[in-house]
Amino acid sequence: MPRIVDRPVAVVTDSGGRPAGFCWERGKRRVVRIEDVWKEAGRWWAGETEKIFYRVEAESGGVYELYADQGEWYLYKIYD
Amino acid sequence: MFVHLHVHSPFSFLDGASAIEDLAAAAARFGMPALALTDHDNVGGAVRFHRACMDAGLKPLQGAEVTLEGGFHLVLLADGPEGYANLCRLLTAAHLDNPRGAPRVSYGRLEEYSQNLFALSGCRRGEVPALLLARRYREAEQAARRYRRLFGRRFYLELTQDLLPGNRTLNRLLCELATKLGLKTVAANNVHYAAREDFPVHDLLTCVRTGTDLEEVHPARRLNAENYLKAPEEMRALFRSYPRAWANTLELAEACRPALDLEQRRRPRFPVPDGESAAGMLRRLAFAGASRRYGRLSATVSARLEYELEVIARLGYEDYFLVAWDIVRHATEKGIRFAGRGSAADSAVAYCLGITEVDPVARGLLFERFLSPERAEPPDIDIDFDARYRDQVSAYVCARYGKEHTAWVCTYHTYRARAAVRDLGKVLGFPEAEIDCLAKLLPYVPADGIERALDFYPELHDPRFREPRYRELYRYCAAVAGFPRFLGTHPGGLVISGVPLVTVTPLQWAAKGVVVVQFDKDDVEALDLLKFDLLSLRTLSAVEDTVAAVRHHTLDFDYDRIPEDDPGTFAMFGRGKTIGVFQLESPAQRALQSRLQAREMEDVIASVALIRPGPLQGNMVEPYIARRRGDAPVTYLHPRLKPILEKTYGVVLFQEQVLAIATAIAGFTPGEADRLRRVISKHRSQREVEAIGEEFVRRAVASGVAANTAREIFDCLRGYAGYGFCEAHAAAFAVTAYRTGYLAHHYPAEYFAALLSNQPLGYYSPRTLCTVVKSRGVGLLPPDVNRSGTRFTVEAGNIRVPLSQVRGMSARDLEIILTARTERPFRSAEDFFSRAPVDKDVAINLILCGALDELAPNRRALLVRFRRRRGVDGGLFPDEPPGGGWPDFTASEKRCYERHILGLDVGPHPVARWRAALEARGYLTTIALEDCPEGAPVRLVGLPVRPHRPPTKSGRVVVFFSLEDEYGLADVTVLEDCYRAGGWILFAVPGPVEVRGRVQRRGGALSVLAEEIKFLEWA
Chain Z
1 MPRIVDRPVA VVTDSGGRPA GFCWERGKRR VVRIEDVWKE AGRWWAGETE
51 KIFYRVEAES GGVYELYADQ GEWYLYKIYD
Chain V
1 MFVHLHVHSP FSFLDGASAI EDLAAAAARF GMPALALTDH DNVGGAVRFH
51 RACMDAGLKP LQGAEVTLEG GFHLVLLADG PEGYANLCRL LTAAHLDNPR
101 GAPRVSYGRL EEYSQNLFAL SGCRRGEVPA LLLARRYREA EQAARRYRRL
151 FGRRFYLELT QDLLPGNRTL NRLLCELATK LGLKTVAANN VHYAAREDFP
201 VHDLLTCVRT GTDLEEVHPA RRLNAENYLK APEEMRALFR SYPRAWANTL
251 ELAEACRPAL DLEQRRRPRF PVPDGESAAG MLRRLAFAGA SRRYGRLSAT
301 VSARLEYELE VIARLGYEDY FLVAWDIVRH ATEKGIRFAG RGSAADSAVA
351 YCLGITEVDP VARGLLFERF LSPERAEPPD IDIDFDARYR DQVSAYVCAR
401 YGKEHTAWVC TYHTYRARAA VRDLGKVLGF PEAEIDCLAK LLPYVPADGI
451 ERALDFYPEL HDPRFREPRY RELYRYCAAV AGFPRFLGTH PGGLVISGVP
501 LVTVTPLQWA AKGVVVVQFD KDDVEALDLL KFDLLSLRTL SAVEDTVAAV
551 RHHTLDFDYD RIPEDDPGTF AMFGRGKTIG VFQLESPAQR ALQSRLQARE
601 MEDVIASVAL IRPGPLQGNM VEPYIARRRG DAPVTYLHPR LKPILEKTYG
651 VVLFQEQVLA IATAIAGFTP GEADRLRRVI SKHRSQREVE AIGEEFVRRA
701 VASGVAANTA REIFDCLRGY AGYGFCEAHA AAFAVTAYRT GYLAHHYPAE
751 YFAALLSNQP LGYYSPRTLC TVVKSRGVGL LPPDVNRSGT RFTVEAGNIR
801 VPLSQVRGMS ARDLEIILTA RTERPFRSAE DFFSRAPVDK DVAINLILCG
851 ALDELAPNRR ALLVRFRRRR GVDGGLFPDE PPGGGWPDFT ASEKRCYERH
901 ILGLDVGPHP VARWRAALEA RGYLTTIALE DCPEGAPVRL VGLPVRPHRP
951 PTKSGRVVVF FSLEDEYGLA DVTVLEDCYR AGGWILFAVP GPVEVRGRVQ
1001 RRGGALSVLA EEIKFLEWA
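Sequence lines, in order, name chains Z and V. The opening residue of the first sequence carries number 1 in my numbering; numbering runs sequentially from there. The opening residue of the second sequence carries number 1 in my numbering; numbering runs sequentially from there.
Pairs of lysine to aspartate or glutamate, EDC-like flavour, derived with a Cα cap of 20 Å:
1) K426(V) <-> D15(V)
2) K39(Z) <-> E57(Z)
3) K426(V) <-> E467(V)
4) K51(Z) <-> E234(V)
5) K647(V) <-> E600(V)
6) K39(Z) <-> E234(V)
7) K51(Z) <-> D203(V)
8) K642(V) <-> D715(V)
9) K39(Z) <-> E197(V)
10) K39(Z) <-> E72(Z)
11) K39(Z) <-> D198(V)
12) K180(V) <-> E141(V)
13) K77(Z) <-> D6(Z)
14) K28(Z) <-> E57(Z)
15) K39(Z) <-> E215(V)
16) K51(Z) <-> E215(V)
17) K426(V) <-> D436(V)
18) K51(Z) <-> D198(V)
19) K51(Z) <-> D36(Z)
20) K39(Z) <-> D203(V)
21) K1014(V) <-> E919(V)
22) K426(V) <-> D448(V)
23) K77(Z) <-> E25(Z)
24) K774(V) <-> E930(V)
25) K51(Z) <-> E197(V)
26) K28(Z) <-> E59(Z)
27) K647(V) <-> D631(V)
28) K39(Z) <-> E216(V)
Each pair of labels, with its calculated beta carbon distance range:
29) A10(Z) <-> V445(V): 48 to 58 Å
30) A220(V) <-> P8(Z): 26 to 36 Å
31) V32(Z) <-> T179(V): 21 to 31 Å
32) R236(V) <-> V5(Z): 35 to 45 Å
33) G27(Z) <-> A220(V): 33 to 43 Å
34) S15(Z) <-> P258(V): 44 to 54 Å
35) A10(Z) <-> A195(V): 27 to 37 Å
36) A220(V) <-> S15(Z): 34 to 44 Å
These are computed hints drawn from the structure, not numbers from a lab. None of these values were measured; they are calculated from a predicted model. For each residue, glycine too, the CB sits at the ideal point set by N, CA and C.
Okay, chain Z solo, but in the shape it has when bound:
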């Protein structure tokens, strides 16, 4: 079952601005594959800005959802 986290995380990006690695639970996770990418407009009427979501597979085998919101990165979801 996926677990919603939604907390800021440090992310290293590649030349295209896509996540290449991120820190989580005192460990560095290298992204080996971007499974999917999509955009969400969010609650535009409440002033929310558009977010880009990435579902990534880490080297450890875990699957994570990260999103970028105005330059800040967040870990949104972890797939157990």
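Chain Z is already provided as a structure; the job is to place chain V on it using the hints.
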């Protein structure tokens, strides 16, 4: 180069957020060579799209995103007219074979009509993508194989990269399938708006469509703002992994041949007898009709008919006239009253065929106003029918030309201010009461005119309406201005086509249960589909009812032989007592009648033409009246104008006169003259007006007119022609106006009973009509379960209110009462309740409005008895009062119930109950007002009737309304200062008002110039 092949416009009904013109402009800006339009299940935007693309230098690709059985989507693009016809056939079957609002294309139909169509697998609601997303791979492959079998190489798998979850996987699967089955892929963006910034508008419209508000989640709402018309490079970047799909868009666009042919002739053919041509038959009928109309034919009449027939034949409209002739012939045979209207009355052929009743030769009317050899526009024959039988006439037409060739024209109801505020305000979470308040206060303005209205109209000066949240609402309203909201039926436009309609337009059900084309009247004209306006005119129904009632006592009464010089009728017009008279009843018309003192039919014709926004704004009324009354000399700028303007006292009043002047002064051909009329009347560009003005002056000088006189005449034409009215139309309406005036004067009970029976009709409410007829000495009798029927009837010179007027009365309830009554009259209230078991609420209303008074006069006691009998909750009267016996309602209570239940005042007018108090305080009645001199200060109290703000030349606000009391109506004028100081309440809150002002008398017309308007606080 890239081409967008999957594009939605506002014709996708709340699923497209940019105007067609904006989409085309965006595509042209990106240098695209073509653009497709693929609205949901319709091609209603096709003509507009075709024109927008042509203007923008794009190739239009006509198509639609159809809904298949099972709810899957499929994008279809027409290859050439054959493909377009098949698309129309598919859409027609989808609509007509299914319940209204749920079109579905069956696979069987798809098989039948798949030729000359390109098919794209569609968005995520397409069958193949949907099955792939559901991981039903084998079924997806089977579906793709089926489409391949139907469309062959014309079937493409559509790849979309609009950044939704799963896009990558879906596109990969689609490509794998394409490789496996040997299919092509094509890139698309499922466009729903032109630019990214338009996404909020699309989201709001989606919420309107799904009945949700912004905070609610709904699968139909888009997750992001990616469905805009992206630039080719942006699309190339998104499809860098699929370059072939990107390139295939152009290949497909180039393969699509033009689909919509606006040059093709589609006019109907009239079934002429063997051996006779349409032209020959028309000639025969026209001359036969001429013999009936004129007796022996003069050279003038013959020459006129020959000329008209020659023009009709040259333009190819013989069949059109024959069709119109056949329609009125059928109506005449069936005894259905009708009257031709509009510019058709400029045609002697139409007159001789019996389509119109105005003799254009005698009136000197110009045929070119109706049909010009130099004008490409089709003629327009409009015919009014007795409203009750119009559908019989249209049924005849449909049977005569076949269902495949006839359908009603549709109308697109578009967003204006009120609807936009209601729809978008609800979605944005505004409280319902606030939105209702604002919507009711808003005048009839475009959805992008709310901010201007806010600044202009004082009733909108509530500071709340200027809060930022409202400003945001107005911005969104402006963004949807003019977008189609839903499709309706044109009030009278019936298309008759020479080719099967389904090859030109899809057909669908309208809410009225009739079949309509998917094009409005302008688009129908562009497609050369001839439209006949078969209009329902309730006035003609009222005329028929009146004639029938009059013949009860005057057997030989003949409406069509009413004398045209009846002094009583003209005297009534001269007093301004024209409420109820066709076309002459508005306050402005009544004031005009008082001043004009009409003496003959020509005055009535001028009246009909004078009270229009144009003449009022162009200050034509005053010079006309002054000259007509002899208060100002009748002069002409040039002697050649005299024969043209003599009948209107030197004033240019009719459009036909503009044509005649251009011919007489500048030697214009009739067609050139008509072009001049259209240039100056349709307010085209200043440059165009000046160019035709120079030509007019140059040619006038060449024909011997002094240059300064020629310029003066042109200035005069320019000033007036923009406001001119078609004389033929005015003359046609004037006949009915005069004759209904005759009925109102000589048979007020019968005529007003007929008006009340045929509501809604005319300018005033039934309540006001009742007040007026009472002022004419005709009593109003309450409804009575033993005497009232389904319509207003005349009893000994008074009008009996029918049972159908009772609120809530259904046809079934009415039938129960009338059937029971046929057996024997009701002898008591209990007898009524036992033999006529009508709906409980209807029974209560019958008691409360007095319909059972003759059987049981105490309404309250009867109400209590009825409730006990039916076991209904006692409500306000649960127990018998001490001492027994219920006192009846007070007179005031009875009047309140009657007004609420019947919508009119059977008893005294509401103002009458305050009359004693009003008199004590110095308030006048409307009847006492008639004795007041010019300038006298007056105070009146009454109910405001139809306040309105017509456009004025100065742009200043002038409000006109009538103040109704128990004696009749007084007309009140409110100037801008008074309107802004408090007069705006007329538009804000209903209820009686107090008017303080001064009497105005202008040549017999009486009105009050208001100085103060306020609520009647103690009422």
